[in-house]
Each structure stands twice: as structure tokens, then as C-alpha cells.
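Chemist: Here's the letter readout for the chains.
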Amino acid sequence: MSRKNKVKTEDEMMYSDEMRLEAKYSSYNKRSSNKNQVKDAKGTFRRFILLLKPYSVSVIFVLICSIGVTLVDVVSPDFMANVIDTLQTSIENFANNGTPISFGSVAQKGTVWYELFLIGLLYVGQSILTFLQQFVGAGISQKLVFNLRKDANEKLSRVPLSYFDNNTKGEIISKVVNDIDNVSGSLQSTFISVITAAIKVVGSLYMMLRTGNFVMTLVAIILVPVSGLLSYKVSRISKKWFKKYWASMGALTGHVEEMFTGHNIVRIFNHEKQSIKEFKEINYNLKHNSFVANMISGILNPVLTLISNVNYVLLCIFGGCYYIGTWFLSGRKIPVGNRMGLGSIQAFLSYSSNFSSPILSISSMINSIQSSLASAERVFALLDEKEMSKDDTTNDNKENLNSEVKFENVSFRYLPDKPLIENFNLTAEPGETVAIVGPTGAGKTTIVNLLMRFYEVDSGAILLDGVDIRTMSRDKLRENFGMVLQDTWLFKGTIKENISYGCDGATDEQIIEAAKVANIHDYIMTMKKGYDTEITEDGTNLSQGQRQLITIARAVLRNPKVLILDEATSSVDTRTEILIQEAMDKLMENRTAFVIAHRLTTIKNADKIIVMRKGRIVETGNHESLMKENGFYASLYNSQYTGGIPEDAE
Amino acid sequence: MKKIFKMLKPFKGTLIAAIIFSALYSLLQILLPVYTKEIMSKGIIAGDMNEIIRYGLIMLGLTLIGVATSILNTYFSTKTSVNYAMNIRNQVFTKVSYLAQSDVDKIGVSSLMTRTTNDVVQVHNFILSAMKSILPVPIMLIGGLVMAHSVNAKLLKLILIVIPVLLVILIVILIFIMPMYSKIQKLLDQINFVMRGKIGGIRVIRAFNKTKYEDDRFDDANGKLTKLSLKASRIMYSLLPILMIFAFGLIAYIIYMCVMDATKPGVGKQAILDTIPNMYMFLAYFTMIISAISTAMTLFVSWPKANISAKRISEILDSETEIKDPENPVEPDPEIKGEVEFDNVSFRYKPIKKEEKKKRRRAKSKPSKNKSASAGEENKSDENNGKKEENTSPDEKVTEEEKEQARKKAEIIAADAEKKKKLTDRDAVHDVSFVSHKGEYTAVIGITGCGKSSLINLIPRLYDVTSGSVKIDGVDVRNMKAEHLHKKIAYIPQQSYLFSGTVRDNIKFGNPDATDAQVWKALEIAQAKTFVSEMPEGLDSQISQSGKNLSGGQKQRLCIARAIVKNAEIYLFDDSFSALDLATDARLRSSLRANLPDADIFIVAQRVGTVINADRIIVMDDGRAVGIGTHKELIETCGVYRDIVASQVGLGNEEAVS
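Note that the protein sequences, when read in sequence, are chains B and W.
First residue of the first sequence? That's 1 in my numbering, and the numbers climb one at a time after it.
First residue of the second sequence? That's 1 in my numbering, and the numbers climb one at a time after it.
To be clear, the hints were calculated from the coordinates, so they are not data collected in a lab.
The model shown is predicted, which means the values in this text are computed figures rather than measured ones.
Incorrect hints may have been included.
What the hints assert, rightly or not - So the derived label-pair ranges between C-beta atoms look like this: (1) W:Ile169 to B:Pro100: 51 to 57 Å; (2) B:Ser58 to W:Asp48: 54 to 60 Å; (3) W:Ile169 to B:Gly110: 44 to 50 Å; (4) W:Ser182 to B:Gly431: 33 to 39 Å; (5) W:Ser591 to B:Lys273: 27 to 33 Å; (6) B:Asp384 to W:Asn118: 54 to 60 Å; (7) W:Ser591 to B:Gly431: 42 to 48 Å; (8) B:Gly431 to W:Leu188: 47 to 53 Å; (9) W:Asp318 to B:Ser58: 48 to 54 Å; (10) W:Met178 to B:Phe117: 35 to 41 Å; (11) B:Val202 to W:Pro265: 46 to 52 Å; (12) B:Ser58 to W:Pro164: 36 to 42 Å; (13) W:Gly249 to B:Ser105: 15 to 21 Å.
Stated by the list, open to error - Taking lysine to aspartate or glutamate pairs in the EDC-like style, the calculated list, with each CA pair at most 16 Å apart, reads: (14) W:Lys212 to B:Asp475; (15) W:Lys212 to B:Glu479; (16) B:Lys143 to W:Asp220.
As the list claims (entries may be wrong) - What the simulated footprint calls covered on chain W by chain B, stretch by stretch (three residues with Cβ under 8 Å from a Cβ of chain B suffice, anywhere in the stretch; the number is not a length): (17) 215-221; (18) 506-520.
Glycine included, each C-beta is placed from N, C-alpha and C at the ideal position.
Whenever a hint applies, use it, and build me the whole structure from the sequences.
Modeler: If you want it as C-alpha cells, here you go:
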């Protein structure tokens, strides 16, 4: 990781490294830079609208409410204009002739109070409609999120295991939590604002034209395209920079995560300075991008204010002409019928802003629309994931008393062009312990994946007591198995809850008994809260070995017909392993068991030892016969102490 | 927490510029309604086109200046805030980089991550919006009030009554809604958490048929979240229409009052004609005041959030690392190389703080049952504590007893009762002494949780000893600079950890100056040459984050190569062969011996085969070194060791296989 640090200006240095660093954290960048790209915007939008279908009554209700709200916005300047014009006339009369001003009464048509009362009614109506719209709208969007999350979660329960092997945890969680939030948050509001914007624009235009004053109308809208285009352009540019900003934020997060997770390594290898230096470089880029992005989007607002003030002045000038009755410069008279009152000029000011504001807000909203569409697309992609085949329950009621397991001509590959298991045949007699050994990558764990139906065989069949395991439901099949994996998965909860996982209703006595068999009981008792000790989220308050013992206790408690131990004792020291071994021996009595182990001493007593290499069985037998054979097994076995056999290509 | 805001100091210049321009901008904003009024009264109503254009131009001129000041404000405030945020991030990251592992564990990697990223963004956003409004709000508020007063003093009183009413309504609602939002955040965490568990344990969940249970757990959290967010947003929404009606009532009243005031006897003609323009001006200031208040409110609302983030950041910046560099570091004797001495070393992990424990606690599904059980357990452990005190002194006896008990499994289980007593509040490493020299090979063996790793971790000072001392090349590790200490040590962790980047980057992590030839050599020693050369891009092959595209064994070997290329005096292998198959393990050890003749090697191991040829085997049992010696010596003298050998290869066989 050395780098040429010649004399360069700070900026040059930062930028030459930018490419390299961003390439390094490309996985983060990919995630963030793809964020706003929507492959099929139309299709996604259509599908999103379809999601609203179950709530169509509420949606229509919300739509009607928001149309009502907008219509009030559109027409209220006209009402207000009447009030002001009436008042202005009476004020002028009062000033000139001393005619008293009368507000009239609410009941009398045409008076100021009457008009104000009408406006008041409109506003009250609008308030009620706004409330209803948002009250019902919030319900729709929350229910939508709830259901989307529920669907996504249930989907995750139905996708095959390969989905989890091919996607990172963070990505999946982000889809279920962040993306769905994003979808609901903005799509619903943009949906409504797009519709109301349309009404506002058309309505305001109609109201302006209705006055019959085309000149004023033209003046009111003439600058709108300018500002609309401007905000669209600026938001495009700032979007580019915000994307860059998110990319560098991703790179920063990536660096921080790596360095903090590998903290010990960084420290012992005296790598702190280098890591800080890299951090500072990324951080500098982040700063730069964030500055430009914020700056560009920050300029837009004052510029738009300027434009709208120009518009204001123009309207005042033209409005002034209509009020006075002569054109400025030319001095031509304007016919009396075309003249405007003060209120009507004010109304035009309102129409103008009513007309331009939705156009401006939509052009600046394009980013958030894009981003929520992109989120929606990702969520839909998850919902469209291929599911596991439907459970066939034909043989669910069959009782498996003997638990004979048979692999018949099984072939399987994770990747279509990479053969792994080919024509695999194996029979485990009831009660037999079958050990599978072989170098890393030989396909040992794949056998377990197939047996548990985490993955489905490509061809051939696996039979449990003569029944094809595909003809029973996965739940039923898995009920027969107890499994201990190398990867010790514990969840946040008490030790007791962790042991009784998968075995609801186990009594405390049974749990303690299982813990005793797994030889973890005594350790548990040394903890202050014993079985009620909380295990932290990643189980970090237990050693690897202790966690392994708890997962063993879990399998013991389940009392399964077939046991699968996939490197179950790899993290347990040999002395503890002996204890477990005996417990296992007891447990395995009259049970079929599959044992995968690195440490060959632990499987010496197995009834049958399968030696695998590159997806095939190369030797079968028991310890004695295989040693006599003096083949691959024997060399593996001896190498424990000596070393010197050729490395198996992985 | 103040400290965080004090960190603005280096950016005083741009900060002040930003504030000045924002103040200028708001002053201009206050002037604008005056001119709009003039346009209306002196221009339109008076029928004077020249005045319209004159005031229009003044207005545009003011706006232009306003735009300029606003852009300058944006420039300076953005500049200040991004630099400030960059600075905080740099400081936090640098600080964490020099923390001890135990400190990192205490806070947690994910929390440290959010603190360096998210929390800084929160503070940054707050500072940015504060800079844009800290002066404008008071200026607009006061300016607006003064101007409104000059228009119509009577109506101002109305505003003065209205403002507190609005404030009270808002505050009451904030008191209700803010806690809801923090609860919503927690529920989102809960969903995250359930999801994490589900994805991480998918094999186990499916194997144990717990899909339904996990789905229910998810639905529960999801339902709660939905309910609460709905409630919060509905309360928020019901606020708006009330305010709208309220605002319209005020406007109607203002119109009425303006007109009524103008018709009072003794009002001049011009003033009467100005009624409507004055009314509009008054309304403009009214809106200005309201918007100033609402800006202040938003700032107040975002304050707690920023404050929490600032607190979380300063927690890191203020934290005292548990393991500090000495004030007067001692340079080790350059003559001695690779000597490690343990002098009566004892070590005990510090208990986790109460508050952190509390955090980790979770609502239990079966509270009543658990409670009774745990109460019982606690009593028991209290008893054990009592007994422990009686039993601690005859140490020798206990180990002697154990020797015999350990012979048979049944006896071990009988001994567990004894062990239990010792384990509570025990030392992870208890009174261990030995010396290891250059070129020697020391192996540490023992059962899970016996203190093997703890012992090894004391050498690079990942933790500090509780008593006694660990010396390297004659100097107590606590008296050395961490940088010097770590220069001497190469460490291969129990769980292999790689960084994203190429294979070369990862190996050269150990030694930035290593040549490709040295890298290949290290890979060869680590038995990784074959698979690396088979990778399509060799040393340039990309390793994804934490080495996901490699098998466990491959990762371990790369970690070993990374350590080898460092060319250190002392090598620490913390159970670093666990993912290797036996053949590779054996080959690797023999090549290590052959290629690192001068290094002082420590290997934590579980297999007898790994330790059998060591110059010194340390047999750990319950934190104590129950035997130190060669294989031959230990077979004679150490019962625990004899058990281990017997359990793995059978007594007497080990000579044959070694």
C-alpha cells in the first residue's frame, strides 16, 4: 500500500488518489451510485400505483380531498380580489366624498362581511379537507409500508438459501428498512403533489384567462418557464454532485468499517498513520463534494427569488397601467371596461405564484421522485425473487422410524458451469454414524445443504426411509434433523432462550439436562444470572467454544432422529471435545448421524467414513480398513502429525 | 459537548462572514415590504407610472443585493460547516485509531461507525442551518415588530398576544411528539435487529423450523412501528388545519381593523387612501414574524437531535484510552532481540459497565418464569462466592486434586463443582512466569476459556496486566511506545481479518516496503502461494470486504503471510490454524520453523500435534500455567497435559506420530 508522495499540491494529491480509493471501495460506490438510476421508471411507477389498489376507496377519497384543497387555493384570490376592490372603492369614496364605509352584514349579498364570510367558509372547508386528506393519507402510506415490510419479510422466508449467500446482510436489511421507508415517504407525497400541481397550474391559468386580461396573464406566466428550466437544470447538476457526495460517503463508511473492525490488526501492524492518512484523503473528497453539492443547490433559491421579484415588478407596472387607465410610454388610453382594481392586481400576483410554485417544486422534486422510484425498484426486485418450490406434503404423515438416509445419483452445482457434486451415492443405515472427511472445498458442507433442502439437488434424489425428501414439506423434513454448524449462530436473548430455540415448551429441567450433555452447564452456572444471562447480539460475551457448546445443547434438546454435525467441534478444545464426543455417542445411539470433521481423531469410531475429494467419494470404509488401504485417508490422517502430503487445489 | 461547538474556532473567519451576510440579507428583507407598499400607494393608487417604475427598480436593486448577500452567506456557511465536519471526522477517526481494543469493544464498531459518519452529519446540518438563521431570526423578529408597529400600533398588540399562544400550542405538541419520534427510531432499530438476526441465522432458523416464529417477531415490531408512526403523523397533521383557520381569522380581523382605523375622524386623506397598501405591508411583516418564529422552532426542534449526536461524538473525543503510551518511553536494549518475559503476570477482564449491561437487556418473553429462575440462580451463585473464599488458598491442592480427577470423564464432571467456585470473578491469567528467547518456539495449550488467548494478548499490550509485568527485550511493555512495541511483533488473530483491496495490498499491510519477491516468499511460507498464483490476477486479485470471496483456510493463510512479511522479532499465532486442514497445518508449521529461525514464536493451539515439537509448552488451566516445559517433561509431570495427549492420540502413541 505504498504510494508515491511526491511534491504535489494538496488538491492534486487528493484527486489522484480519489480514483484509487473509490475503486477500492467500489462495492460501496456501486451501491450508492446506482441508487438513483431507475431502469424502468414507468413500469415501476405503474406497479407502485397498483400497490395502492387495496386502498382504492381511501385513495380516491384522498384525491377528492386534495382536489378540493387545491381548488380553494385556485379560486380564493378571486374572492379576495372582490373584497379588496370593494373596500378600495369605498375607501376612495370615503376619502373624496366622505361616504361612510360599510362592511354590511353577513346576511347581505355583495357586502364586505358577506364576501369575507364566504372566504372564511372556503378556508374552513379547505382546512377540513386538508385534515381529512392527510389523516387518511397517513393511514394509507403507513399501511402500505407495513404491508410492504411484511411482504418483504415473508418473502425472505420463502426465497432459497442461495439468496442469502449471494447478497450481503447490509443490502438485504437496507432494502427492508431504508428503501421501503423511502418509497412510502416520498412516493405518496409526490403522487399527491403531482396531481395537485396539475390542478393548480391549469386552474390558475383558467382563473387568469377568465378575467379576460390576456396581457396580464402573459406577464404573469412569462418568467415561469425560465425559472422552471433553471431549477430543473440546477437540480440536475446538484444531483450529480450529491451522487458524488454519497459515493465518497460510502467510501468513508467503508474505510471506517474496515479499519475499526480490524482495529487490532491496524494497531499491531503500526498501520494507524497510513489508515488516518487514507481517511483524511477520503474525508477531503467528501468535504469537497458536499461543499459543491450544497453550494449549487443553495444558489437556486436566491436566484428564484430574484426572478419572482422581477415578475412582481412587471405585474405592478402592467397592473398599474390597468389601474390608471393609460399605457406607460405610449400613453394610450385603456378602455374603462378593461381597467383593474387594486384587488384584481393582487389576485394576479397570487395567480402568478400559484402557477409557478408547483412547476418549481416539481422540477426540484425530480431528485426525490427518482430516488424513491429507485428504492421502489429495489424493493420490487426483492419481491420478485424466485421462491423455493412449493412444499409437497404427500408424505408428511409418514412416520420415519428407522431414519435411513440414501443419496441416489445426486448431482449438484452452485454455479451452472462449475460442477461440484456428480453422481453421488451414499446410504446411511438407520443408527449408523457416517463421517465425511476431505479437504476444504471437497463438497462436504454441500451434502448437508442438500440433505436439509437448503439447496435442491439438480438431479438424482435423496431418500429418507425410502421417501424422496422432495415429497414432504420442508418443515416436516427438518423436524427429523438436529444440526450443529461450524458457524455458531446465537441471537440476543437469554442462554435459556437460545438453548430452547426450536423446542418450544421445553422445561427448565430439560434445558439444564441438554446443557449438561453439552458440558456447558457448569460454565453457565458460573455466570451470575446462570441460564438467564443475556447473550449479546453477536454473542461476543462468550468465547467461540462456549457458543459452540450452546448450539450443541440446542441440538441435544431437540432430540432429533438424524443428527448433522458440520465441524461442530472445531472450536472446542480436544479435552472438551472428548466430553462432547461421549455425549454425542450417547445421543447418536439408534440415530443416524452425519459428522463432518477436520480433526480425524474425532471420527475414528464412525461406522462409515466417506472420504471426499472434489465432489466425489474417493474412499469408503471404517478407520481400520481405510488405514489399511493406505490411500488418501491414511495420508490425511498421518499428516496430522507430520505434514507433507500435496496440497489439494481449492 | 460544548467542546464540539468550540471546534468551530479555527473557522472563525468564514463563520463570522456567514453570519454578517445573513444579517445583511435579513435587513434587506425588512426593507422590501416598504417599497412594495410605496409601489401600490404612490404608484398605482396615485396613478403615477414613474413612481411605479422608480420603486420597482429600487426593489429590484435591493433584491439583487439580497441575492448577492444570500449567495455569499451560502458560500461562507457551507464552507464553514463542511470544513468543520471534516475536521471533526478527522479528529474522531484519529482518536479511535489510537484507542485500545478494549475501548473499541466497549463502544462497539457499529456505534463507532455511526458516530464518525451519521452523528457528524447531524451536527453539520445543525450548524449549517444555525449559521443561516442565527442572526436573521432576531433581526426579522425585531425588525418585523418595529415595522409592524409603525404601520399600526394597535394591531401589533394583537400579534403580541397571538405569538405566545402559538408558541404554547407548538411546545405542547412538541412535548407529545418528540418522545414519539425517538421511540419510532428505537422501533426501527428493533426491525433492523430482527432482520439482522434472521439473515445471519437463516440456516439455523430453517433447520429448526422457526420461520413462523421469526416472522411473528418481525410482524410484532413492524406493527408497533406502524401504529406509532401513524399516531405521530396524525397529531402533526391535525395541527396544520387548526393553524390555517386561526391564520385566516387573524387576516380578516386585520382587514377590518385597518379599515376601521382609517375611517376614524381626523385621519388625513392620503392616510385613508393608503389603507389597503398599509394593510398589505402589515400582513407582510406579520408573515415575516411568523416565519422567523417557525425558523426558530425548527432550529429548536433539531437541537436535541444535534445535541445527542454532539454528545456521542465528544464521548469519543473525551474518552481516556485504557492503554496509554508512557510519558517517558524507554528504548529497549538493541542488543537483546525477541526476548519475552512474563513476570508473575495476572490479568483480569474488567467488568462491563452497568449502563452498557442495561442496554443489552431485552424485554423477556416469559418474564415471570425467568424472574423466579434467575432469583434462584443468583442465590446459588452467592453461595458459591461464599465458598470460594474458603477454597482459594490451597491452590496446589486443587491442581493436585484435578490431576487425579481429570483421569476419567466422570471425575471431571465431579470436579466441575469445584471449578465453578473458582471461576466466579476469576483471573483470566493468574500468576504466570516464564522467559522465551530469540529463536524459541513456545506453544500454549489448554481447554476453551482457560486463558490461552488472554495470555498471548498481553504481549502486544492489547490489554494491561492486573499485576506483575510483561517485558520485551528487557523493557516492561507499559514503558514502551506502542509504535515501538508493535514494530517488534507480528500477530495473527484468531478470526482472520482481511481488508478490501488486492492480495498485494493485504500482504504489504504488514510491510509497506516489501517487494513482490518478498510478498511471494511470504505467501510461500504461509502455504498460500499455490492458490494465489492460481487466481486469475495473481497478486492483483481483488479481495472483497473481509475476504468474502475466499475460504476460511485461504484467509487464514493470507493473514499469516501478512505477518511473515513484517519480519518481526516476535510472532503470535492466536489459534490461527483452526481453518486449515491437517496436512496444510503441518506443512505450514515446518516451513515456519525453517524460514523464521531467529523469531520468537508463540502459538496458541488445541492440537497436540501442533505443540509437540515446541521448545516450551505452557499448559493453561483456568488461568493458571499448570505446566511449563517440553513435551517429554510435561508427560512426566503434568496431569492436565497427559489428559490432553491421551484424549487426542492416546498415551504412548505420540512419539510414533511426532
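Chemist: Determine for every hint whether it applies to the structure shown.
Modeler: Checked hints:
1. W:Ile169 to B:Pro100: 51 to 57 Å: 39 Å, violated
2. B:Ser58 to W:Asp48: 54 to 60 Å: This hint holds: roughly 56 Å between Cβ atoms.
3. W:Ile169 to B:Gly110: 44 to 50 Å: 36 Å, violated
4. W:Ser182 to B:Gly431: 33 to 39 Å: Since W:Ser182 and B:Gly431 have Cβ atoms about 57 Å apart, the given range 33 to 39 Å is violated.
5. W:Ser591 to B:Lys273: 27 to 33 Å: 32 Å, holds
6. B:Asp384 to W:Asn118: 54 to 60 Å: 31 Å, violated
7. W:Ser591 to B:Gly431: 42 to 48 Å: Distance hint for W:Ser591, B:Gly431 holds at roughly 44 Å.
8. B:Gly431 to W:Leu188: 47 to 53 Å: 50 Å, holds
9. W:Asp318 to B:Ser58: 48 to 54 Å: 51 Å, holds
10. W:Met178 to B:Phe117: 35 to 41 Å: At roughly 38 Å between Cβ atoms, B:Phe117 and W:Met178 fall inside 35 to 41 Å, so the hint holds.
11. B:Val202 to W:Pro265: 46 to 52 Å: 49 Å, holds
12. B:Ser58 to W:Pro164: 36 to 42 Å: Between B:Ser58 and W:Pro164, where Cβ atoms are some 38 Å apart, the hint holds.
13. W:Gly249 to B:Ser105: 15 to 21 Å: 18 Å, holds
14. W:Lys212 to B:Asp475: Holds, because 11 Å separates the two Cα atoms, which is no more than 16 Å.
15. W:Lys212 to B:Glu479: 14 Å, holds
16. B:Lys143 to W:Asp220: Between B:Lys143 and W:Asp220 the Cα gap is close to 14 Å, so the pair holds against 16 Å.
17. 215-221: Coverage by chain B holds for the region 215-221 of chain W (3 residues, Cβ < 8 Å).
18. 506-520: That given contact holds, which follows from 5 residues of the region 506-520 of chain W lying within Cβ reach (below 8 Å) of chain B.
Violated hints for the displayed structure, listed by number in ascending order: 1, 3, 4, 6.
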